[in-house]
Amino acid sequence: MTFRPEHELHKRRFSRNLGVGLTLGAFVLLVFALTVVKVKRGDPMQGYDHVIQPEAVPQEKTE
Amino acid sequence: MSDTLTYQGVTDTPHEPGFGDYVQLLKPRVMSLVVFTALVGLLVAPVSLHPVEAFSAILFIALGAGASGALNMWWDADIDAVMKRTQRRPVPSGRVQAGEALAVGLGLSGISVVMLGLATNFVAAGLLAFTIFFYAVVYSMWLKRSTPQNIVIGGAAGAFPPMIGWVAATGSVSVEAFLMFALIFMWTPPHFWALALFMKEDYHAAGVPMLTVTHGRKATRAHILAYTLLLAPVPLAAALTSIGGPLTLAVAVVLNLWFIVGAVRIWRRDEVQAGADNYAVEKAFFRVSLIYLFLHFAAFLAEAALKSAGLGGW
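Protein sequences, first through last, are from chains A and B.
Using my numbering, read the first sequence as starting at 11 and increasing by one per residue.
Using my numbering, read the second sequence as starting at 67 and increasing by one per residue.
It is possible that part of the hints are untrue.
Which chain A residues face chain B? A few, computed with CB under 7 Å, are given here [claimed, not checked]: (1) R26; (2) G29; (3) L32.
In silico SDA-like links for lysine to any residue, alpha-carbon gap of 25 Å or less [to be verified]: (4) B:K93 <-> A:L40; (5) B:K349 <-> B:D336; (6) A:K48 <-> B:V118; (7) A:K48 <-> B:K349; (8) B:K284 <-> B:A364; (9) A:K50 <-> B:E119; (10) A:K21 <-> B:D336; (11) A:K21 <-> B:Q163.
Far from chain A, by Cβ distances over 12 Å, these chain B residues were calculated [stated by the list, open to error]: (12) E82; (13) V89; (14) L361.
Everything labelled a hint here was simulated from the structure, so no lab data went into it.
As the structure is a computational prediction, the values presented were derived from the model and not from experiment.
All C-beta atoms, glycine included, are put in the ideal place defined by N, C-alpha and C.
So here's chain A without its partners, still in its complex pose (with noise of 0.2 Å):
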């Protein structure tokens, strides 16, 4: 069993992917972040599905 030894330019590749992997983490945090606040200040959400909604039915006519 043989260890290859390590090249000068893996530890830049290294410290390079370790960058990009490290801001890209940091991005998905500060998304995940901003969407939390985005939706926590939001107006009260109404969903439309399986409720009444009685100022959806349409009005009778009265004659």
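Fit chain B to the given chain A structure using the hints.
Below, chain B without anything else, positioned relative to chain A:
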């Protein structure tokens, strides 16, 4: 055997960039000024953002500024290679390929504009997009190589960040945002012309038509004084608006007197005197210009803090 071949092949390739080389493409020193002024614009606005939104706004404004820096390095690689001050930048030094700088600049431009729009509002995002376009296309591609007024008009690109910060918070432009823009816009020419006075050979070698190259140093000295005098009313006016107060006004008076005295000293000197002390006055004026801008924006921030504590403001 195969390892040997791999390593030989690897070492024969040109320098492979590390993560730090890509960070250098974004001009981190310029970015620090953008972060500071945009943060002040955002914090002194009458509308406050959620901390996560505020952090995102500053981050994406800074990223947009970095993107325009990368596009500038892609376009200006030829003149950067000639000037001593810029020879060690990633593209002219060969650490990053010009095409990579272009890709980084375009990619980050798109991300920063879209994300700023989603995090705050699309008026701020539109201003950021215009700023990137202005710096990369209007200044770098057009003005920089064609007119000695390059710094005057191109200075607008560096002046937008506090306005974008303000608009990110409020959703619209106001007189306060305009005056913060005008402060940096008017400050840019004397700041860069002072630099050009003691870095003339660089611009001359690169063929960049700086005022020192096209009109000579005597005219440049007169221009520094003229623009310093035109600059002075701007922070004084800003101090009288809703972002100002007694502290801001006092700071503006002291700093502008200091700046005008420096500009007069530069105007009264000739090249013999400047050469004798190795441009000491010009270098001092350049350092003062950095302090001048920092203290003005720090004063806006301090005034806002005092106002929230029931002090400060008018």
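Verification of the hints:
Evaluation of the A:R26 hint against chain B yields a held restraint, the C-beta minimum of about 5 Å falling below 7 Å. With a least beta-carbon distance of about 3 Å to chain B, the hint placing A:G29 at the interface is held under the 7 Å criterion. Because the beta carbon of A:L32 sits about 9 Å from the nearest beta carbon in chain B, more than 7 Å, this interface hint is broken. Taking the CA atoms of B:K93 and A:L40, the gap is near 23 Å; set against the 25 Å cutoff, the hint holds.
Among the hinted pairs, B:K349 with B:D336 is consistent with the structure: their alpha-carbon atoms are about 15 Å apart, no more than 25 Å. Using a Cα cut-off of 25 Å, the hinted pair A:K48 and B:V118 holds, with the two alpha carbons roughly 10 Å apart. With a CA separation close to 48 Å, the supplied pair A:K48 and B:K349 exceeds the 25 Å bound. The hinted pair formed by B:K284 and B:A364 fails the criterion: a straight-line CA distance of about 33 Å is larger than 25 Å.
Annotation: proposed proximity of A:K50 to B:E119 holds, straight-line Cα distance about 13 Å (limit 25 Å). With a CA separation close to 53 Å, the supplied pair A:K21 and B:D336 exceeds the 25 Å bound. Of the pairs offered as hints, the one joining A:K21 and B:Q163 holds, with about 20 Å between alpha carbons and a cut-off of 25 Å not exceeded. Not every C-beta of chain A lies more than 12 Å from that of B:E82, the closest at about 6 Å, which undercuts listing it as non-interface.
Not every beta carbon of chain A lies more than 12 Å from that of B:V89, the smallest distance being close to 8 Å; the non-interface claim is violated. Its beta-carbon lying about 32 Å from the closest one in chain A, B:L361 satisfies the requirement of being farther than 12 Å from that chain.
Hints 3, 7, 8, 10, 12 and 13 from the earlier list are contradicted by this structure; the remaining hints agree with it.
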